[in-house]
Amino acid sequence: MILIAVISLGAIGAIGAVFLYAASKKFEVYEDPRIAQVQEVLPGANCGGCGYPGCGGFAAACVKADSLDGLLCPVGGAEVMGKVATILGKEAASAEPMIAVVRCNGTCEARPRTNRYDGVQSCSIASTLYGGETGCTFGCLGYGDCVSVCNFDAIHINPATGLAEVDEEKCTSCGACVKACPKNIIELRKKGPKSRRIFVSCVNKDKGGVAKKACANACIGCSKCQKECPFEAITIENNVAYIDYTKCRLCRKCVAVCPTGAIHELNFPPRKVEPKEAPASTPKVKEETNLK
Amino acid sequence: MLRTFRIGGIHPPENKLSADKKITVLATPKQVIIPLSQHIGAPAQAVVKKGDPVKVGTLLAKAGGFVSANIHSSVSGKVNKIDNAIDSSGYKRPAIYIDVEGDEWEETIDRSDALVKECTLSSKEIVDKIAAAGIVGLGGATFPTQVKLMPPPGNKAEIIIINAVECEPYLTSDHSLMLEKSEQILVGVTLLMKAVHVNKAIIGIENNKPDAIALMQKQAVSYPGIEIMPLKVQYPQGGEKQLIDAVIRRQVKSGALPISAGAVVQNVGTAYAVYEAVQKNKPLFERVVTVTGKAVSNPSNFLVRMGTPISTLIEAAGGIPENTGKIIGGGPMMGKALISAEVPVTKGSSGVLLLTQEESVRKPMHDCIRCAKCVNVCPMGLNPTLLMNATEFKEWELAEKNYITDCIECGSCSYTCPANRPLLDYIRSGKGKVMGIIRARKS
Chain A
0 MILIAVISLG AIGAIGAVFL YAASKKFEVY EDPRIAQVQE VLPGANCGGC
50 GYPGCGGFAA ACVKADSLDG LLCPVGGAEV MGKVATILGK EAASAEPMIA
100 VVRCNGTCEA RPRTNRYDGV QSCSIASTLY GGETGCTFGC LGYGDCVSVC
150 NFDAIHINPA TGLAEVDEEK CTSCGACVKA CPKNIIELRK KGPKSRRIFV
200 SCVNKDKGGV AKKACANACI GCSKCQKECP FEAITIENNV AYIDYTKCRL
250 CRKCVAVCPT GAIHELNFPP RKVEPKEAPA STPKVKEETN LK
Chain B
0 MLRTFRIGGI HPPENKLSAD KKITVLATPK QVIIPLSQHI GAPAQAVVKK
50 GDPVKVGTLL AKAGGFVSAN IHSSVSGKVN KIDNAIDSSG YKRPAIYIDV
100 EGDEWEETID RSDALVKECT LSSKEIVDKI AAAGIVGLGG ATFPTQVKLM
150 PPPGNKAEII IINAVECEPY LTSDHSLMLE KSEQILVGVT LLMKAVHVNK
200 AIIGIENNKP DAIALMQKQA VSYPGIEIMP LKVQYPQGGE KQLIDAVIRR
250 QVKSGALPIS AGAVVQNVGT AYAVYEAVQK NKPLFERVVT VTGKAVSNPS
300 NFLVRMGTPI STLIEAAGGI PENTGKIIGG GPMMGKALIS AEVPVTKGSS
350 GVLLLTQEES VRKPMHDCIR CAKCVNVCPM GLNPTLLMNA TEFKEWELAE
400 KNYITDCIEC GSCSYTCPAN RPLLDYIRSG KGKVMGIIRA RKS
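First to last, the sequence lines map onto chains A and B.
With numbering that gives the first Met the number 0 applied, the first sequence covers 0 to 291.
With numbering that gives the first Met the number 0 applied, the second sequence covers 0 to 442.
I should point out that these hints are in silico values taken from the structure, not numbers from a laboratory.
Among the hints, erroneous ones may be present.
Claimed, not checked - Pairs of lysine-lysine, BS3-like flavour, derived with a Cα cap of 27 Å:
1. A:K212 - B:K335
2. B:K15 - B:K217
3. A:K178 - B:K432
4. B:K279 - B:K293
5. A:K252 - A:K204
6. A:K211 - B:K48
7. B:K252 - A:K206
8. A:K246 - A:K193
9. B:K393 - A:K178
10. A:K206 - B:K49
11. A:K206 - B:K217
12. B:K432 - A:K204
13. B:K279 - B:K21
14. B:K77 - A:K206
15. A:K204 - B:K80
16. A:K252 - A:K189
17. B:K29 - A:K178
18. B:K362 - B:K15
19. A:K206 - B:K362
20. B:K335 - B:K372
21. B:K80 - A:K211
22. B:K80 - A:K212
23. A:K204 - B:K400
24. B:K80 - B:K123
25. B:K372 - B:K231
26. B:K29 - A:K212
27. B:K48 - A:K212
28. B:K29 - A:K206
29. B:K400 - A:K169
30. B:K48 - A:K204
31. B:K21 - B:K49
32. B:K217 - A:K211
33. A:K204 - B:K61
34. B:K279 - A:K212
35. B:K441 - A:K178
36. B:K252 - B:K432
37. B:K217 - B:K116
38. A:K193 - A:K206
39. A:K204 - B:K362
Since this is a predicted model, take the numbers as computed values, not measurements.
Please take these sequences and the hints and turn them into a complete structure.
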């Protein structure tokens, strides 16, 4: 009896083995083993910052591509791309580290409220309804759509200012907040040497007088900074200045001439000599409290 | 048994406080602000510049595209500036500021009260005159009227349906217009019938306006082809697709235009504007606006020039009551809270509603209890709770598959939700997003 059982089970097993072997040959899907290797060194956050669906998608794209030009994991940066390049034996594209920058400095004091919104606390919903609680229809709404999309806990609303603030340590420049902001305030900018960077912290397109009335810290499009800039990095369009970070050489001349303090400098050492005497509450003091 | 539409609907308290008030002509203000976007479609292009003298009825801005409308001056005076102004959209948009001097009208406008019945114009000429007068749908959607009167090839209009239901609570501007201008409206309907070559028109009126129904029925006897149909009170019967269903029992397919069901729907106010434009050469520069609210001392119906600040109207109705929480442009269901009382009256302003503090508070939201009340009341047969969730979790494909773009934003779902969920806020935002995705896919 035992013998029959052993033989029959053995036979079934053998038939099954043959079938499975045939099936595995017939329906084999070849996956480049390097994809798994590349995926191994990627951060695994699946944030989508590279433009591909998750780290797996990016790894496959890296393996498939002829060169790594244009392929960048913003979270891992140059270090991770270097590892990817070693695995694949390709040249890694040099990548400038980037960071998310919130271009609004309309704090609660600078930008008085003109109405109260009691609807759903979401920037995208509020912006489909109207311009916002203050006279400025371009500025940060402060309901935190950027906060909820950030996978890295790198952006928060400061309750004192009502504005979104980026945590430099945590920001991976994946760009999720840039896409989430309905006001297009957040921009990915060059992180800069020693994290030093200069930017116009305002996107208000209203004429100077109107912008100023709505927000004391607004860019009024006076073009003083444009004239001052020795590198032609500043353009003024629609009454608002924009600093091209590829041209900016961080001389800080524009910061000094801005009458409203809309141009911010970050992580610079204190100036040796103040060129002009400034009133007690200079915009510079505000900057430091506003944006880390 | 009175008819109404067959899917969903609600019956909020009617609160027609100004129903027995005659139309009062409001004096012209010192300055008017006339926005260049008072209609759906491309903004109009200004043809006047700073310092230009204008008369009442002078063309200020030309239609900026096929779906767009001309804009005329509502006052005489001088153009002060062309600058951005906050309008009822809550955003700053270009507008023409005019300082008022006197009240001089263009000579071509017939200012007499005499009723002109005869019209020898061809249908093309009627449509051209309507386009020239800058007439848009005055029910609130402000769709340019001439576009509706030019059916796309392959479609044939069979009937004109006149929307006189005024299903929004509080509002009585159409009601008061029917009581005072019934004959003019009927002539206007005749002109619309001629414009699209049909010989049948039905005016749908909800039966909470028995005086208007009686009067219109009496007058309509001498206008062949026009029938008055009393309808059961049900919100949102003023929605184009709901009204077509209620009146001729036809349904418009998802994504299709009402003309595909053979119907051209026009508001009763639009019919009056058509009469004035075609028979009196008067462009659209004034309209009837209801100013109302439970705490308002004198709820009224005003005949207002476009561009008049809302604050002037409220002043005329007795001022802003002490405990006002919100000022709504439009009715309580589809209207929108205004961010300033200086917002100007535009072609789409059917009413101004002042809500008290207690009425205007949003109640705290709770979890969905899956009672499906929103599904029952949705007049488009959608599943609002699903659409809200799809929007919240950015599931745009799911939202599209469940016809989010068919939402008419009537707010019945939010009104009925026992958990106070802001269904419409989400759906409106999701609808915009999905429409953007569809546009991007097509281009």
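Against the structure, the hints come out as follows:
1. A:K212 - B:K335: holds, 25 Å
2. B:K15 - B:K217: Distance ~24 Å between K15 of chain B and K217 of chain B Cα, so the pair holds.
3. A:K178 - B:K432: holds, 13 Å
4. B:K279 - B:K293: This hinted pair is violated, its Cα atoms lying about 37 Å apart.
5. A:K252 - A:K204: Satisfied, since the Cα-Cα distance of roughly 23 Å is no more than 27 Å.
6. A:K211 - B:K48: Holds: K211 of chain A and K48 of chain B sit about 26 Å apart, inside 27 Å.
7. B:K252 - A:K206: violated, 46 Å
8. A:K246 - A:K193: Holds, because 17 Å separates the two Cα atoms, which is no more than 27 Å.
9. B:K393 - A:K178: Distance ~13 Å between K393 of chain B and K178 of chain A Cα, so the pair holds.
10. A:K206 - B:K49: holds, 17 Å
11. A:K206 - B:K217: Outside the cut-off at roughly 57 Å; violated.
12. B:K432 - A:K204: Satisfied, since the Cα-Cα distance of roughly 24 Å is no more than 27 Å.
13. B:K279 - B:K21: holds, 23 Å
14. B:K77 - A:K206: Distance of about 23 Å is within 27 Å: holds.
15. A:K204 - B:K80: holds, 18 Å
16. A:K252 - A:K189: holds, 19 Å
17. B:K29 - A:K178: violated, 45 Å
18. B:K362 - B:K15: Measuring from Cα to Cα gives roughly 24 Å; hence the hint holds.
19. A:K206 - B:K362: violated, 39 Å
20. B:K335 - B:K372: holds, 24 Å
21. B:K80 - A:K211: holds, 20 Å
22. B:K80 - A:K212: holds, 19 Å
23. A:K204 - B:K400: violated, 38 Å
24. B:K80 - B:K123: violated, 36 Å
25. B:K372 - B:K231: holds, 21 Å
26. B:K29 - A:K212: Within the cut-off at roughly 24 Å; holds.
27. B:K48 - A:K212: The given pair, whose Cα atoms are some 25 Å apart, holds under the 27 Å limit.
28. B:K29 - A:K206: Roughly 25 Å separates the two Cα atoms, so the pair holds.
29. B:K400 - A:K169: It is violated: about 38 Å lies between the C-alpha atoms, which goes past 27 Å.
30. B:K48 - A:K204: Cα-Cα ~22 Å, so holds.
31. B:K21 - B:K49: This hinted pair is violated, its Cα atoms lying about 37 Å apart.
32. B:K217 - A:K211: Since the Cα atoms of K217 of chain B and K211 of chain A sit roughly 60 Å apart, the hinted pair is violated (cutoff 27 Å).
33. A:K204 - B:K61: Given that 27 Å is the threshold and the Cα spacing comes to 25 Å, the pair holds.
34. B:K279 - A:K212: Measuring from Cα to Cα gives roughly 45 Å; hence the hint is violated.
35. B:K441 - A:K178: Roughly 21 Å separates the two Cα atoms, so the pair holds.
36. B:K252 - B:K432: With a Cα-Cα distance of about 22 Å, the restraint between K252 of chain B and K432 of chain B holds, given a limit of 27 Å.
37. B:K217 - B:K116: The hint holds at about 17 Å.
38. A:K193 - A:K206: violated, 35 Å
39. A:K204 - B:K362: violated, 36 Å
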